[in-house]
Structures are given as structure tokens and as C-alpha cells.
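Chemist: The residues making up each chain are set out below.
Protein chains: 2
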Amino acid sequence: MLDNYNLTMLTDFYEITMANGYFHSDVRDYEACFDMFFRRVPDQGGYAIMAGLEQVIEYLKNLHFTEEDIEYLRSKGIFSEEFLDYLRDFKFTCDVWAVPEGTPIFPHEPIITVTGPLIQAQFVETFILLTINHQSLVATKASRVVRAAQGRPVMEFGSRRAQGASGAIYGARAAYIGGCAGTACAIADRDYGVAALGTMAHSWVQTFDSEYEAFKEYARIYPDNAVLLIDTYNVLKSGLPNAIKVFKEMKPAKMGVRIDSGDISYLTKKTREILDANGLEDCAIVVSNSLDEWLIRDIILEGAKVNSFGVGERLITAKSEPVFGGVYKLAAIERNGVMIPKMKISENVEKITNPGFKKVYRFFDNETGKVMGDLIALHDEEAPTRDGVEIFDPNAIWKRKRLTNFTVKELMVKVFDKGECVYESPDLESIRSYCMEQIETLWSEMLRFENPQTYYVDLSKKLWNMKHELLSKYNELPADK
Amino acid sequence: MLDNYNLTMLTDFYEITMANGYFHSDVRDYEACFDMFFRRVPDQGGYAIMAGLEQVIEYLKNLHFTEEDIEYLRSKGIFSEEFLDYLRDFKFTCDVWAVPEGTPIFPHEPIITVTGPLIQAQFVETFILLTINHQSLVATKASRVVRAAQGRPVMEFGSRRAQGASGAIYGARAAYIGGCAGTACAIADRDYGVAALGTMAHSWVQTFDSEYEAFKEYARIYPDNAVLLIDTYNVLKSGLPNAIKVFKEMKPAKMGVRIDSGDISYLTKKTREILDANGLEDCAIVVSNSLDEWLIRDIILEGAKVNSFGVGERLITAKSEPVFGGVYKLAAIERNGVMIPKMKISENVEKITNPGFKKVYRFFDNETGKVMGDLIALHDEEAPTRDGVEIFDPNAIWKRKRLTNFTVKELMVKVFDKGECVYESPDLESIRSYCMEQIETLWSEMLRFENPQTYYVDLSKKLWNMKHELLSKYNELPADK
Numbered sequence: 002m003l004d005n006y007n008l009t010m011l012t013d014f015y016e017i018t019m020a021n022g023y024f025h026s027d028v029r030d031y032e033a034c035f036d037m038f039f040r041r042v043p044d045q046g047g048y049a050i051m052a053g054l055e056q057v058i059e060y061l062k063n064l065h066f067t068e069e070d071i072e073y074l075r076s077k078g079i080f081s082e083e084f085l086d087y088l089r090d091f092k093f094t095c096d097v098w099a100v101p102e103g104t105p106i107f108p109h110e111p112i113i114t115v116t117g118p119l120i121q122a123q124f125v126e127t128f129i130l131l132t133i134n135h136q137s138l139v140a141t142k143a144s145r146v147v148r149a150a151q152g153r154p155v156m157e158f159g160s161r162r163a164q165g166a167s168g169a170i171y172g173a174r175a176a177y178i179g180g181c182a183g184t185a186c187a188i189a190d191r192d193y194g195v196a197a198l199g200t201m202a203h204s205w206v207q208t209f210d211s212e213y214e215a216f217k218e219y220a221r222i223y224p225d226n227a228v229l230l231i232d233t234y235n236v237l238k239s240g241l242p243n244a245i246k247v248f249k250e251m252k253p254a255k256m257g258v259r260i261d262s263g264d265i266s267y268l269t270k271k272t273r274e275i276l277d278a279n280g281l282e283d284c285a286i287v288v289s290n291s292l293d294e295w296l297i298r299d300i301i302l303e304g305a306k307v308n309s310f311g312v313g314e315r316l317i318t319a320k321s322e323p324v325f326g327g328v329y330k331l332a333a334i335e336r337n338g339v340m341i342p343k344m345k346i347s348e349n350v351e352k353i354t355n356p357g358f359k360k361v362y363r364f365f366d367n368e369t370g371k372v373m374g375d376l377i378a379l380h381d382e383e384a385p386t387r388d389g390v391e392i393f394d395p396n397a398i399w400k401r402k403r404l405t406n407f408t409v410k411e412l413m414v415k416v417f418d419k420g421e422c423v424y425e426s427p428d429l430e431s432i433r434s435y436c437m438e439q440i441e442t443l444w445s446e447m448l449r450f451e452n453p454q455t456y457y458v459d460l461s462k463k464l465w466n467m468k469h470e471l472l473s474k475y476n477e478l479p480a481d482k
Numbered sequence: 002m003l004d005n006y007n008l009t010m011l012t013d014f015y016e017i018t019m020a021n022g023y024f025h026s027d028v029r030d031y032e033a034c035f036d037m038f039f040r041r042v043p044d045q046g047g048y049a050i051m052a053g054l055e056q057v058i059e060y061l062k063n064l065h066f067t068e069e070d071i072e073y074l075r076s077k078g079i080f081s082e083e084f085l086d087y088l089r090d091f092k093f094t095c096d097v098w099a100v101p102e103g104t105p106i107f108p109h110e111p112i113i114t115v116t117g118p119l120i121q122a123q124f125v126e127t128f129i130l131l132t133i134n135h136q137s138l139v140a141t142k143a144s145r146v147v148r149a150a151q152g153r154p155v156m157e158f159g160s161r162r163a164q165g166a167s168g169a170i171y172g173a174r175a176a177y178i179g180g181c182a183g184t185a186c187a188i189a190d191r192d193y194g195v196a197a198l199g200t201m202a203h204s205w206v207q208t209f210d211s212e213y214e215a216f217k218e219y220a221r222i223y224p225d226n227a228v229l230l231i232d233t234y235n236v237l238k239s240g241l242p243n244a245i246k247v248f249k250e251m252k253p254a255k256m257g258v259r260i261d262s263g264d265i266s267y268l269t270k271k272t273r274e275i276l277d278a279n280g281l282e283d284c285a286i287v288v289s290n291s292l293d294e295w296l297i298r299d300i301i302l303e304g305a306k307v308n309s310f311g312v313g314e315r316l317i318t319a320k321s322e323p324v325f326g327g328v329y330k331l332a333a334i335e336r337n338g339v340m341i342p343k344m345k346i347s348e349n350v351e352k353i354t355n356p357g358f359k360k361v362y363r364f365f366d367n368e369t370g371k372v373m374g375d376l377i378a379l380h381d382e383e384a385p386t387r388d389g390v391e392i393f394d395p396n397a398i399w400k401r402k403r404l405t406n407f408t409v410k411e412l413m414v415k416v417f418d419k420g421e422c423v424y425e426s427p428d429l430e431s432i433r434s435y436c437m438e439q440i441e442t443l444w445s446e447m448l449r450f451e452n453p454q455t456y457y458v459d460l461s462k463k464l465w466n467m468k469h470e471l472l473s474k475y476n477e478l479p480a481d482k
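Chains as they are written, first to last, in this note's numbering: chain A, 2 to 482; chain B, 2 to 482.
Since the hints were derived computationally from the structure, they do not count as laboratory data. Hints may be right or wrong, so weigh each one.
As the list makes no split between identical chains, a pair holds if one copy fits it or if it spans any two.
Derived pair list, reagent style DSS-like, types lysine-lysine, alpha-carbon separation capped at 27 Å [to be verified]: (1) Lys270 with Lys352; (2) Lys306 with Lys255; (3) Lys306 with Lys217; (4) Lys352 with Lys320; (5) Lys474 with Lys271; (6) Lys474 with Lys238; (7) Lys271 with Lys352.
Please put together the full structure from these sequences, using the hints given.
Modeler: As C-alpha cells, this is what we get:
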């Protein structure tokens, strides 16, 4: 599996120059706290879906530098031999907290927090970002597409347009977490249990002397489930009549037709009519061809008759917005047992970070089961009690809301304790079911594709005060202090 | 390396259902000819860049089914034991032609052609598409970004936003082919020789008690080349003054400042002014922050003072259009030594394919060295002689042009001969230089970002006639022939 390839060096080079730099400076033994969070939901959606944690865990478990890595680094001529020796014995000993896969997540809240020796906690940045950004991107997109399909199964069909092998494989995994029913990617089935299926390409139809013969051969060889691709020549004039003839002659146990071009809405309505008129009410109609959540929504509104969707490039690359902009920022430095909160100031206000070692609470309404809001608090703050808690919008602090009668849940779980993995990853089916359940807890107003309601992610009073004290302090900072 | 992971099963499941189907039907021993081609240049550009061939070659060399693969396939319950035995002994014995990496390529012309036993030639579809689509996408995007920078080096900085590990690694490779000067991705350097570099993140600056101290430590540890990130707190009030102080005290051999937020145009002009006023004319200014070809073009037009660019997510994912839509289509079936041309008809006229076993010629003007046009011909047509050739637009056949005084080059080279690799892959530096040379042969009108001139890709008369005969034939095809 790709997991077994040592990806320690899949890192931005600056992680290594910084590691060597820290190694040779007084800060070497500091402990640090880093957060991964993101700033916007892609496609201006109302929520994102966390995915990729299992691959991060595999990476952290395997993290080590081989002699080949060290030889390569030596060849760069800028790293000391003491540092290279340190890398040879490198062992990951940090604590890691993370939001479980399949959980709806929101901007600005930590989704992974790493605390531990500065060099280590810094080094893991690139791989954590790469992996969580990629899989959360695809899981989030899949969740939208699946929602648009209103219960009809959506298959992930995009391997050939994925951005590289891991884009295809882990993309299929992430799409499954987000609610897809399966994939076309065989290796994602073999290695990750994402059910794969597939039937025929246009080339199958073209290979035989006639379309009829091609269909008949397929139904002969696969009598249990014959899904015939009917658009190689002409759907209504050729593909469908040939398919119907074959279904009647061969009587496959399950049957379907797939349409991959033309106007899906018109063609599926016509196809359904003709199939039914021939007594083939059981024949499923599968469609593909540059679909996404908007097209699927619209053709269903138009009355298209579709039993399942195959979605390719627009899902596997999240084409409409192919970047999940997660970042990994220093939140605190510990010196002599004291956590010193740190934050990045920026010209761009939305790039200002939340300082300190933090945790996140999510409140669920006991009556409706729906989410009420998330609260980012400092790690040593106690859980709000069921008696009530007041939350407020960090950017408009006069907007306050008192929550009562809730169940509160801590969002992040401990994944590594001093470098030891203490988390048992759920299997993929469980992650997928959990994701579906959690989406049920969201308000329906958060599910709109356009301009959804913004979910509340508030700061505890203690955290808000700390942040604003730091902001004032930095504003007074003389240039050459 | 990722190459060593057996990716045979990185395939659409339908390649396997078709393979099993062919195996159990009369067409089993047919020979087939498939073409990979694409229909549109991403971002409506004037040309694309071929990339990824080396990874396709590695894949084809390693193509085999392991016992694990066979066990997995058996578990699906739809494949015969005879077929699984066939897979156990599977050996790739096809011929493959391909356009070398770094070559400018255009819509509708074959860029890879595979001929050989039907099952094999079909099976390799998914991986060929995935790999060439991904790397050509990024190389094409890189070529645009590098062009916008007008000679200033462009570094690929996008690993953390790449779509998975191979997205990052092969994306860095492809970006280098397209003209980038290097990458931030260390493993792409170690394994593929894409020069990696990097300096510090904001966390470096935040870790120390002051920005000044952070810069000074960096310059102490890296006296040969100190590039300081000056936007953690405030570029002009804090970062730049601290950097200047450190440069004057520490006198690094090479020095630079990096700006990663704010208005790049304004900040670099101011920064250049202040650096120069301090006698630091040699200090380079490096910028990053959501750049792409349009932004780079515009800030250069505005007079931004930039020595080099770091380009991240918008390059590594080709964000503005993250899909290179290459397809792999059956072009002919050989039976008893006779090639029977095949084509896919479609409601969408641009989806109609070019039939037959083909080759592509490119004409270069002997006076200017510039390209004159490409000609798709049948594989057994002789090379046009220098006496002259008439080409015509296949969609507007009255548009004719007589070419004389040209040098003609066959675009595709033979890569596999009956399954044996007969091609020696150039090293990455050579591919990159070749790409730059070839871009020089394009007309300047093809290089515009918006609405560039469309390059001529014409069909030989023989091929055009064959295609139109087939089209007429299919139009007469009765539904249930």
C-alpha cells in the first residue's frame, strides 16, 4: 500500500531548514503547540467533512529518516553532522488531538492539535496539511453531490482525471466517507474496502461487429447484472432498442442502461418511458457525464429519471474549488512549564490566528438533536455544564446567545500520547455511517448550496480576552524591540 | 519510490470486467489500436505540455498481477478461474508510441497510441490517462505561470495543498518540466532531482522572543543564504527594519526577504526602495500568497519589484481548471491482418473520434524555425516531402494552406516494441530544456492567456475521407442491425 512507502521526506524543505536551525539555537528544547484549522468552506458551503486522519496516523507511526534521506540531506551542504545524527535517531514523541473522520467541521476551529518538542511538532506540518486538505476536500464535495442526488446512489468514477495515484485512491476513500456508494477504482476497493464496480466502456461496444452483439455477449458473460452502455452510436435509435432486445432474450437477473452523453434529462425520461412500455420497469438507469451537485439537483428538478449517478472529474478533483485551504499555525510555546500563547498578526484580518492550547466543544440540543454551536476554549477550561452557557460571536461580541438543555461533546479526541498511538481508527463503513448521522444533526439551513446559514463557532471568554490582549500588545510592538 | 508500489490495480473496475468479457468471447484474440488525446487546452490556452510519460513507462514495465490482486478479484465472485489464471501469467506485449515529455501538444491529435492484444491495450487505459492527465495539467499550468513571470524564477510551493502525495511529488516534477526553477517538496528533489529549497515559516519568527532575534539566529545558522520572512507582524514597520538590521550586522553572503501577505505590488515597491536606500541592492525580494499567471502578469505591469515567485495551490492543483480531459479511445481493430477503423459517434460533435491507426507530423518553417501546423495521418502514409504539402481545416475544408520550405518531424516516438521498452527516457533537466526550446517555436499569438490563436491540427486527405465514410455509414445504421 502507499502507506508503506516512507513518506517522511514528503515535506516542504523549510521544515528541515527550520529543524536544523532550531537544533542549533537556544530554542531547541522548547515545547510547542500547533493547530491545523481552515478559514473557508470550499464552494461557500455551510460545512466541511473531516477526512484523512487514518493516513496521518500511519504517517506519524512510520515517521523516521532512512540513510537515503540523510545522504540526500547531507548532499545539500547546509546541515550539520550533529543534526543529521539527530535525524537518524528521530522519534516522534508528541501528543496529537484530532477531530474524528466523518465529522462536520467549521472554519477557525482546530481540527488537529499537536503538542511536543518544537522540532517534531513543526516537522509534521506538510504531511498533515497535504493529507487532511486533500481528503477533507473530496469528502466535503462528495457530501454535497450525494445530498443533491436525494437518496439515489452516487458512484465515484474519477480515477482517470484524478491528480495522481494517491489522488485517485484516497480520493475514492474520502468520497466514500462523504457518502458515495462506491467507486470505479479497483485498488481503493482492494486496499480500503471502498466497494468498486464497473461494466463497460464505449470500446466494448465498438469492438464487436454490432452493438446488439456487444450487448448480448456482455449479458451472456454477466447474467447476474448487465448494465449496458447505450450511447456509443445513438441512445434512442440504436442503444436502447438493442438493449431491450438483449434484455428480453437473455433475461439477466439485474439489468440497467448507462447514458454518458447528450441531454441527460431528456434522454432518461424517454428511456424510462420506453423501458416501462416494454415491461422493463426493473431496469435501472445510470447516468454519468461531467456531473456535479448543481447539475444533479437541476436534472432531478426537471424530472430526469435516474436510478444512480456516476460522478467523475468534478468530484475527484473538487473541480469547482479544488483546494481545501487548511493551515498549521503555532499557537503556543511552552517554556519551563508555562504555555506562552502565540499568534500570527496579518494585514488580512481573517488570517489572524487563535492563540493558546485549545479544545473545541460542540453543543447538541436535547430536544431536536440538532447542533447549537461550537465553542473554542482553552485546553484547561472546564466543560460547560448543562445548567447553561453563554456564547458570543467573536467578531460581533454583542451577539450573545444562552444555551441550555444541551449535550456537550468535545470534538477532538486524543490520537497520540507522547508519540504512542492511543486511538483505534474506526473502519471505513463506521466512518461513513457516522458522517451520515452527523449531517443529520445540522440545521437544514446549513445544507443549501448557495449562501447557507453560517454556523456559530465562538470563543470562550477566557480565550477571547487572551487574544485581544495579545493583539493590543503586538500593536504596540516597536520595530526593533 | 512510489514507482515501486505495484499499481496494476489502480484501474477502473470496468477494465477488468471488460478483460474477463473479452477473454470469454470470440474477440479474445483481436488486436486493437487505442489513442490517448484531449479535446481542449485548460484555461482556454493556446497549447498544452506533454508530461508523465516516464511514469507511464515505469508502470508498463512493472505491469503484473500479484496473488493478492487475484485473491481480491476472486472475492468479487464474477470472474472465472481461467481468467484469473490468465492474469497470473499476464505480460504486456503491446507496441506503444508517445509524444516525448516537454512537447507542446494540441487538441485531437494522438499523444499516446497503443496497439496490441485487445485485452492488454484496453487494460492500461486508466493508468495512462490518470498519469498523463495529471502531469500534463500541471506542466501546462506551470508553463503559463513561468511565462507570466518574464524570466524571474518561479518556485513550486504547493505540496500542502496538493491532492495527495503523488499530486505533490509528480506535480513538482511536472511543474519543473513546464519551466519552474524548483520546488519546496524535498522528496521530489531526492527522488526526481527537482531542486528543492526553503527557508522559514511564520512559526520560526514567532518561536523566538522577538522577530529581530529570530532573523539573527537564522542568519547565524545560514550565513550563505539568508532569506527572511518579513510579514509575521508588519512588513514595513517591523519585518523589514529588523531584516535590514540583521543583514547589516551579520552580512550573509546572499540575502533576501520574503513577503507572503498584503498587497504584493505596494509592499515590494516600498521594500525595494528601503533596501536600496540602505545599500542592500543585492537583497532579493521573494513573494508568495495565492499567486497565479494573471496576478503575476498584473503585478509586474504595476511595477512590483520582485526577484522570484513562490507559487502554491493555484499551480499544484491547476486551480482555475484542475482537469486535463484526456481520453483513451478505440481507433481500430485488427482482424486477420486487416485494420478495421473504429470511431465513437456522439450527440456532442466534438466527442466524435478520429478512426484508424495514426501518426502525427509537425511542420517547422525553415526560415523562422516556428511551427506551421500539425498533420494527423494514417500510420502507413508516407512523410510529406519538402516539395510541399497542402493541409486543410478538417471542420472547414475550404480553408486550405500550402506548406513549403519546411522541416517535418514525426511527433510520436516508439516507446515499447512488443512489450519491450525501446525508449531511453531523457533526464529531467533535458526534458525541461527541450520544453523551453519547443515553446520558442510557437507563434507569439499562441502564447496569450486570453483568446490565443488556434493552432492548425489538420487531417490528411486519406484520414478525412475514411472518417467521413464511417460517419455516413453509421448514420445509415439500422437500430437492430
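Chemist: Checking an output row: Lys306 and Lys255, CA cutoff 27 Å. Within, between, both or neither?
Modeler: So Lys306 and Lys255 pass the 27 Å test inside one copy only (18 Å; across, 66 Å).
Chemist: Using 27 Å as the alpha-carbon threshold, which applies to Lys306 and Lys217: within, between, both, or neither?
Modeler: within (25 Å within a copy, 68 Å between copies)
Chemist: Regarding Lys474 and Lys271, is the shortest C-alpha distance of 27 Å or less found within a copy, between copies, in both, or in neither?
Modeler: between (69 Å within a copy, 26 Å between copies)
Chemist: Using 27 Å as the alpha-carbon threshold, which applies to Lys271 and Lys352: within, between, both, or neither?
Modeler: between (52 Å within a copy, 22 Å between copies)
Chemist: Is it within, between, both, or neither for Lys474 and Lys238, if the alpha carbons may be no more than 27 Å apart?
Modeler: between (75 Å within a copy, 15 Å between copies)
Chemist: Is it within, between, both or neither when you check Lys352 against Lys320 at 27 Å Cα-Cα?
Modeler: Both, since 25 Å and 21 Å are each at most 27 Å.
Chemist: First find the shortest C-alpha distance between Lys270 and Lys352 inside one copy, then the shortest across copies, and answer within, between, both or neither for a cut-off of 27 Å.
Modeler: between (49 Å within a copy, 23 Å between copies)
Every hint, counting from the list given before, is met by this structure.
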